[in-house]
Amino acid sequence: MTFINYVAREINCKIVYYGPGLGGKTTNLQYLYDITNAENKGKLISLATETDRTLFFDFLPIDLGQIRGLRTRFHLYTVPGQVFYDASRKLILRGVDGVVFVADSQEERLDANLESLANLDQNLKEHGFDLGKVPYVLQLNKRDLPNAMPVAQLSRLLLTRGEPVFEAVAIKGEGILETLKAVARQVLVELRKSA
Amino acid sequence: MSPSNIVLYEAEYLRLKSILAMTQRDLRAELVLLIDRSGQQIAFEGPARGIDLTALASLAAANIAATDGLARLVGEPEFSILFHQGKRRSIHISDVAKRCSLVVVFDDSISLGMVRLRVKRATSYLEEVFRGFIRKTEVGGSSSKAGPGSKPSLYFTDEDIDKLFSFFKPKS
Chain A
100 MTFINYVARE INCKIVYYGP GLGGKTTNLQ YLYDITNAEN KGKLISLATE TDRTLFFDFL
160 PIDLGQIRGL RTRFHLYTVP GQVFYDASRK LILRGVDGVV FVADSQEERL DANLESLANL
220 DQNLKEHGFD LGKVPYVLQL NKRDLPNAMP VAQLSRLLLT RGEPVFEAVA IKGEGILETL
280 KAVARQVLVE LRKSA
Chain B
24 MSPSNIVLYE AEYLRLKSIL AMTQRDLRAE LVLLIDRSGQ QIAFEGPARG IDLTALASLA
84 AANIAATDGL ARLVGEPEFS ILFHQGKRRS IHISDVAKRC SLVVVFDDSI SLGMVRLRVK
144 RATSYLEEVF RGFIRKTEVG GSSSKAGPGS KPSLYFTDED IDKLFSFFKP KS
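Residue numbers (this note's numbering), protein chains in the order written: chain A, 100 to 294; chain B, 24 to 195.
This is chain A alone, in the form it adopts within the complex:
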């Protein structure tokens, strides 16, 4: 749910990074935090367990700059990927403007990817969104691992509607910025359509 404040000349949008546990969602945000200038980012908040598994969410506010005189701020969230945190995932999707699905390319994680994707579809529906229409990007992470499935095969299994697909190695920062740019672009284009 984009918040447009004409007085403060600001657009605020919410992007949620979704996907199976240990897929690289938090790593995406950590990298973005590291490469963003201090004046363009807020605090990175991580509500995690003692073993650094996301418990509730990670949150990173980023100021992308000005567009037609409007300051453009994106609030990036990750959800906890572990299966039993579904109640929390539902809450974080509230008011979402765009979604990034971070898939784990490893062959043995295919079922987890598919389960998480089905879960995303279901949870979006409960909030009145349609995965076929909401701004959405697919990131295939962990491309550097030897057991990573071929991109064509993995894409065929995970693509929902011909969305942009980005290969990534999140721990090295590869593909992260491109993913964010793509989903941000979709969100802004959607906003332009509604103007």
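None of these hints come from the bench; they were simulated from the model. There may be inaccurate statements among the hints.
Only pairs whose alpha carbons sit at most 25 Å apart, straight line, appear in this in silico PhoX-like list of lysine-lysine [to be verified]:
1. 280(A) <-> 142(A)
2. 121(B) <-> 224(A)
3. 142(A) <-> 186(B)
4. 292(A) <-> 232(A)
5. 121(B) <-> 143(B)
6. 232(A) <-> 280(A)
7. 292(A) <-> 143(B)
8. 186(B) <-> 280(A)
9. 189(A) <-> 143(B)
10. 40(B) <-> 143(B)
11. 232(A) <-> 189(A)
12. 140(A) <-> 186(B)
Chain B is faced by these chain A residues, among others (derived, beta-carbon under 7 Å) [unchecked claim]:
13. 100
14. 182
15. 184
16. 218
Built from N, CA and C at the ideal position, the CB exists for glycine as well.
Add chain B to chain A, keeping to what the hints say.
Frame of chain A, contents of chain B only:
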């Protein structure tokens, strides 16, 4: 159907600010913050010393959402008020019009009873403002009066979008 965007124009924004300012003055509160349910801050008043408002808005919204979930689990429609008491500062969070929440940060010189009283008053004024601009948005859409020449354009081009992200410094 997906929820509609919130669009804030000057008249409503100033009215919201004045209600928050009145509440902040009456309570001598550190912060009176209005947020939407997805964690965006709408307006605030108060010195807010050392408080990261963006982080607070996000965490408060998550808190409210989690509490809503807890309420439903135990068969309650909602827990409409959250109160967290600290040694020096406390936080009171309450629902406004089922779309937003009012967060009040105050110190131990103010009683909880007084906070509740003033929040109740503020909430009724805020809900009146929201009823007004939801009506205006439904009737007038984006042509609602922001003043001639004062409303920034949302007709940005692909080139405008490309110019964003320029400050990122990818690691080599």
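- Message: Hint check: residue 232(A) vs residue 189(A), CA-CA at most 25 Å. Holds or violated?
- Response: holds, 18 Å
- Query: Do the alpha carbons of residue 140(A) and residue 186(B) lie within 25 Å of each other, as the hint requires?
  - Reply: holds, 17 Å
- Query: Is residue 186(B) within 25 Å of residue 280(A), Cα to Cα?
  - Reply: Distance ~11 Å between residue 186(B) and residue 280(A) Cα, so the pair holds.
- Message: Is the interface hint satisfied for residue 182(A)? The criterion is a beta-carbon contact with chain B at less than 7 Å.
- Response: violated, 17 Å
- Quick one, is the residue 218(A) hint okay against chain B at 7 Å, beta carbons? violated, 16 Å
- Item | 25 Å limit on alpha-carbon distance, applied to hinted pair residue 121(B) and residue 143(B) | holds, 14 Å
- Message: With the threshold set at 25 Å, check whether the alpha-carbon distance from residue 40(B) to residue 143(B) stays at or below it.
- Response: holds, 16 Å
- Query: Is the Cα-Cα distance between residue 292(A) and residue 143(B) 25 Å or less?
  - Reply: Judged against 25 Å, a Cα distance of about 39 Å means the pair is violated.
- If you draw a straight line from the CA of residue 292(A) to the CA of residue 232(A), is it 25 Å or shorter? Status holds; Cα separation ~13 Å.
- Does residue 121(B) pair with residue 224(A) here, judged by a C-alpha cut-off of 25 Å? holds, 20 Å
- Restraint satisfaction for residue 184(A) [CB to CB of chain B, less than 7 Å]: violated, 12 Å
- Message: Tell me if the straight-line CA distance from residue 280(A) to residue 142(A) falls inside 25 Å.
- Response: holds, 20 Å
Violated hints, in rising order: 7, 9, 14, 15, 16; the structure is consistent with all others.
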